[in-house]
Amino acid sequence: MTQAPEQEAPPVPEGHVRLTIDGETVDAPKGEILIRTCERLGIVVPRFCDHPLLEPAGACRQCLVEVEMGGRPMPKPQASCTMTVADGMVVKTQRTSAVADKAQQGVMELLLINHPLDCPICDKGGECPLQNQAMSSGRAESRFHEHKRTFAKPLPISDEVLLDRERCVLCQRCTRFSEQIAGDPFIELLERGAHQQIGTEETAWGDGEDFQSYFSGNTIQICPVGALTSASYRFRSRPFDLVSTPGTCEHCASGCSTRRDWRRGGVTRVLAGEDPNVNEEWLCDKGRFAFRYPTSAQRVLQPMVREDGVLTPVSWVEALERAATLLATARDGAGAPRTGEDGEELAPKRGVGVLPGGRATVEDAYAYAKFARVALRTNDVDHRARAHSAEELDFLAGYAAGVAPSHVSYAHLEAARTVLCVAFDPEEESPIVFLRLRKAARHGTRVVHVGSWTTPAVVKTGGHLLGAVPGEEAAVLEDLPADLATALGEPGAVVLVGERAAEVPGLLGAVSALAGRTGARVAWVPRRAGERGGVDAGTLPTLLPGARRVDDAAAREEVAEVWGVPTLPDTPGRDLTAMLTAARDGELAGLVVGGVELADLPDPELARAALAEADVVISLEQVLTEVGERADVVLPVAPAVNRSGTYRNWEGRDRPFGTTIDPGQGGSGRVGGTAAVTLPDCRVLDSLAVEMDVDLFTQTPQSAAAELAELGTVAVTPSTPATRPSATSGGSDGPSLTPDVSDAPLARPVRLATWRQLIDGGALLAEEHDLPGTARPPRLRVAVGTAERLGLVPGEPARLGDALELVVEIADLPEDVVWAPAHVPVAGGVVTLAGLGLHHGDPVELSTGASQ
Amino acid sequence: MSQPEEYRPDPLTPVLTRRWLLPESWTLRHYTELGGYSALDTALATDPADLVALVKDSGLRGRGGAGFPTGMKWSFIPQPKPGEEPTEATKDAPQFKPKYLVVNADEGEPGTCKDTPLMMADPHSLIEGCIITSWAIRANFCAIYIRGEIVHAIRRLHYAVKEAYEAGHLGQDIHGTGFDLDIVVHAGAGAYICGEETALLDSLEGRRGQPRLKPPFPATAGLYAAPTVVNNVETIATVPSIVAGGKEWFRTMGRERSPGPKIYSLSGHVERPGQYEAPLGTTLRELLEMAGGMKDGVPLKFWTPGGSSTPLFTAEHLDVPLDFEGAAEAGSMLGTTALMIFNETVSVPWAVMKWTEFYEHESCGKCTPCREGNYWLAGILQRMNAGQGTEEDIDTLLDVCSNVLGRSFCALGDGAVSPITSGIKYFRQEFLDLCQAQPAATERVLAGAH
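Chains A and B, in that order, give the protein sequences. If you use UniProt numbering, the first sequence corresponds to residues 1 to 852, in order. If you use UniProt numbering, the second sequence corresponds to residues 1 to 450, in order.
Any given hint could be a false lead.
As the list claims (entries may be wrong) - Capping the alpha-carbon separation at 30 Å, the derived lysine-lysine pairs in DSSO-like fashion look like this:
{"#": "1", "chain 1": "B", "residue 1": "K214", "chain 2": "A", "residue 2": "K30"}
{"#": "2", "chain 1": "A", "residue 1": "K30", "chain 2": "A", "residue 2": "K439"}
{"#": "3", "chain 1": "B", "residue 1": "K425", "chain 2": "A", "residue 2": "K76"}
What the hints assert, rightly or not - Between beta-carbon pairs, the in silico distance windows are:
{"#": "4", "chain 1": "A", "residue 1": "E767", "chain 2": "B", "residue 2": "G206", "range": "42 to 52 Å"}
{"#": "5", "chain 1": "A", "residue 1": "P794", "chain 2": "B", "residue 2": "D173", "range": "41 to 51 Å"}
{"#": "6", "chain 1": "A", "residue 1": "P52", "chain 2": "B", "residue 2": "W249", "range": "54 to 64 Å"}
{"#": "7", "chain 1": "A", "residue 1": "A98", "chain 2": "B", "residue 2": "F217", "range": "24 to 34 Å"}
{"#": "8", "chain 1": "B", "residue 1": "D433", "chain 2": "A", "residue 2": "A140", "range": "25 to 35 Å"}
{"#": "9", "chain 1": "A", "residue 1": "G773", "chain 2": "B", "residue 2": "D399", "range": "39 to 49 Å"}
{"#": "10", "chain 1": "A", "residue 1": "A140", "chain 2": "B", "residue 2": "H152", "range": "51 to 61 Å"}
{"#": "11", "chain 1": "B", "residue 1": "A49", "chain 2": "A", "residue 2": "A415", "range": "41 to 51 Å"}
{"#": "12", "chain 1": "B", "residue 1": "D433", "chain 2": "A", "residue 2": "D118", "range": "34 to 44 Å"}
{"#": "13", "chain 1": "B", "residue 1": "K425", "chain 2": "A", "residue 2": "E14", "range": "50 to 60 Å"}
These are calculated hints, taken from the structure and not from any lab test. Don't be surprised by glycine CBs; every beta carbon is placed ideally from N, CA and C.
Required output: the full structure, derived from the provided sequences and hints.
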């Protein structure tokens, strides 16, 4: 064809083939799909079923092109989405081939004969591949005089997803996504011919399973027509009336890129952003649908101080002054003198602890860390609003603090031959990590889960479970099957550790020992978006910003120099439980609390007692919580959508985001109809510090980030933790989590296994009414033998402890173990097992509901 | 099923049909008495590779419609080289996977009725063919995917398989050779598309019956992603006679590139409809003579050479030799040699509409051209036959056909437009007659509006 003369053409690179497309010579990697090669040349071939992350289907036939192989034209036009490139191939797309052009026009006409002309009321109108390609490859006048096929519409295939079958072009992207990517094949093709349709068991038979998936929203986004629509977005707006702003998902530590579409001060929908390094093009339903909390009635929009026991709205100046005065007094132990029960004089309460919570941005966490050290002169800071331990502090210092994505990243998971998940159910705790593990498993990676039962995540990542009795996971790691231990010694093997490993004494040590023994790389995958940033920014009692240890004098000096202060407090601080205990016992005078839900804490009662006993409670919050209801001063802070910042995801990858809706920008910034301006935590803390005569220089997230960057991170070699100084923790051991069966006055000792489910009534689900319908129902799971021994009937309720009644399901747990979700949504809130005093590994009482 | 009363060895060549008229011809006893299962011993004493070569040399071509050389299909099955043992690197390679034989007994093409009577009258010839073929391709499992509606044939085949097991022709250590083979008779659920070999495999695996993307072809990744031969019933049932008679004998029948006997199914306006086994290359004129001519002497108008998916022929084509080449040269295809014969009383647009309604009903829905195209074509033809057509509709029909032919995922769409394009080609005036008094549509309609 038009190839350059032989002597001028550079050699074909290794592993490539050379072909001609529309007269242009191109080298393509072997195995590349033709339509991708066209894309690289800038040639747009229209398509519907093709999606780069799904396996080829060749169903829609829109992408037909003419192909010549070995000098012989192929008799039929070929689907460029299924054909792989070959050496010497000559391809003519619609740009140069009348045959290809007519084929595409013909398919487009056929796609439109049964498609309704309802673009003016269709959600997809304006961003619809069918609409666009009908313009580029379709005809203006119809030859179709027959009756269009009609269906009843819409069909709810889940609480979140509605189906208009008339609009469907049967490209099967949704069914292929569900089968290949999510592994939730509850949505399928039904019937045949022109009656073929997408459906579920429920739409086919009138009852049965509907489309249950944590990833169902992706089908809406990849639908190339308006057949799948979102219940929460349907008929809400036209895409061209929305402003699209890139964002980062605030819900978990996966760090997904998002696109927030908004208008008139409110987000109307969230879509997955494209980031091949992180979430590819996917987003879980929580990230996609749970975006209404910023406009909930519970939002705190004005500063408040407590006057005569009642929270009263005041100006920022007044609130900051009051808070500063209270904090300075508490810090210095200058409060009222105390007398003991016998009238003796007690030492005054002294000091303020900081509890920033696990949802802060890196910049906010840095501000909290600096505020504690500089304004409050203490290392009493701990963002871990969950089960935690001193052992975990050591582990985080060795394996998380300062570790870059080059250690373990999504790409590493995909490339690994073996991945071991410890105390981590990826689908429930980090859904996009789950998708990557599933992708890896489909390509041969062996994903092994140390857990108590074969959860859906285990099934969908290859089904390898290493059964463990709750509380005894460490012993399982110490005695791994030989083949697995060997596999973990191979290059690229990864151990993923969940945050709840801290609940099991010795488990993190066992992980560390395993890593030392095998050389496998360890990565810590927390649940909340701010956990990892907190570790790196220094909101832990033993760590300063940049992975520096509090007990390292040189590190303290480095930080003090940048901060412009003479010294930093040198004793490691108290952890969350130790702070709460000290406050309850009258030793700690005050607490500064960020976004902390008491129900999330390992001992909510202790927290309530501590807040009641503390002299000073300052709360920075987005929505009024139990902490705010007790606080002396409540300072409103901005939700992610109204501010900029950076989340650092589990990989250690920075996920910066700009302001989506700027509350300062006149009418567009109205939040829920009010013109409130809320500020990022770092700005609030900066102003508060100024009132305490200290400068944090964190007025904006940018300035906080700049200073953190100036501090830098000390060199970290996570695979050799033994070279790091051994930890001397100032924290408590937390509540005793060691099961002590001999002391338990139980007739039937059953051990509890528990963790949280993805959608379980958290605060960020506020105002989102459809999403809870797709939550997995809370169930008690036991083995058959245990159920029989205790007289539990599957499908019937049983009682866990004194208060919680849930329906029983049989699963492959070890005998005498019961699994329950850690949070159970109930009318008006959540019941947490921790709130009932029940913890992972504990002996619990389990009985039939009826007999009690 | 009927045969001419007077037995004539030529031009009829009863090979597959020679036992059909015996009482209780389907029993193992009758099959064995007439030399059945003796070819099996010959085959089991032959090296499998030699068997493949024998069938290749015999020139046997697939009887399911496409006419692909059977021996070549078998030779595509990857086999380990002599002495080759699986290594860590090659243990998952196709040559070390199990091999499967799948028999396509999903006979559903309109007009086609050769496999069903064969399985009714002589199921053991199919079973013996299965065993020999399995030996040749080194398969130990064979599935016969049979059309779900023909319950009588399913029962008879089940009974025959049971008889064969009891006689030691199936199961472990067949005839003391150490060869094991199991046959499973699997009934489909009534979808025409499951006669397409990859849709058949998906259906057999328990999935939705829709054609698969090729490559990989069944020869490397077929049933359960293992190397698989998919052959038609008549093809497999022919194999024992080739083993017994030899390739030279087989080539004495038929023509050079299409040798052997073939069951021609005559239906419609003929005096004695039924199955006539004659050498490939026999003409309709000869077949009509055997069948007693056109019914009541009403002249022939049009006919299909191989089922509704093959373009129509007319009385001009009475002397076209009905083999793979002859039919193709005359502008049609041999297909399944299902000759549907229509006399002058039949309206071509009406017959074409009925066929198109069949394809509309049976399109699997996977690809746009076939799913939407047949819906539209059927709609236009119904409207035309109701007297509401316009001349413009004829152009639309042909243009839509050109957008379906060669654009659909599998051959169903190609077959579906054959009756329309050939019907208009030979009988355009009949379509025009339907449109008389219908003014051409002049209003402009926005695309998608209707």
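Structure-based check of each hint:
For a cut-off of 30 Å, the pair hint linking B/K214 to A/K30 stands: about 18 Å separates their Cα positions. Distance hint between A/K30 and A/K439 is fulfilled; the C-alpha atoms sit about 21 Å from each other, no more than 30 Å. For the hint pairing B/K425 with A/K76, the CA-to-CA distance comes to about 22 Å; that is within 30 Å, so the pair holds. Our hint of 42 to 52 Å for A/E767 and B/G206 holds, since their Cβ atoms are close to 44 Å apart.
Look at A/P794 against B/D173: about 46 Å separates their beta carbons, and that is inside 41 to 51 Å. Taken as a hint, the range 54 to 64 Å holds for the pair A/P52 and B/W249, whose Cβ atoms sit roughly 57 Å apart. Checking the proposed 24 to 34 Å range against A/A98 and B/F217 shows it holds: the Cβ atoms sit about 31 Å from each other. The supplied range of 25 to 35 Å is met by B/D433 and A/A140, whose beta-carbon atoms lie about 32 Å from each other.
Between A/G773 and B/D399 the CB atoms are about 48 Å apart, so this pair conforms to the stated range of 39 to 49 Å. Against the hinted window of 51 to 61 Å, the Cβ-Cβ separation of A/A140 and B/H152 comes to about 55 Å, which satisfies the hint. Roughly 42 Å separates the CB atoms of B/A49 and A/A415, a value that falls within the hinted 41 to 51 Å. In this structure, B/D433 and A/D118 meet the distance hint of 34 to 44 Å, their C-beta atoms being roughly 39 Å apart.
A hinted range of 50 to 60 Å holds for the C-beta pair B/K425 and A/E14, which are about 53 Å apart.
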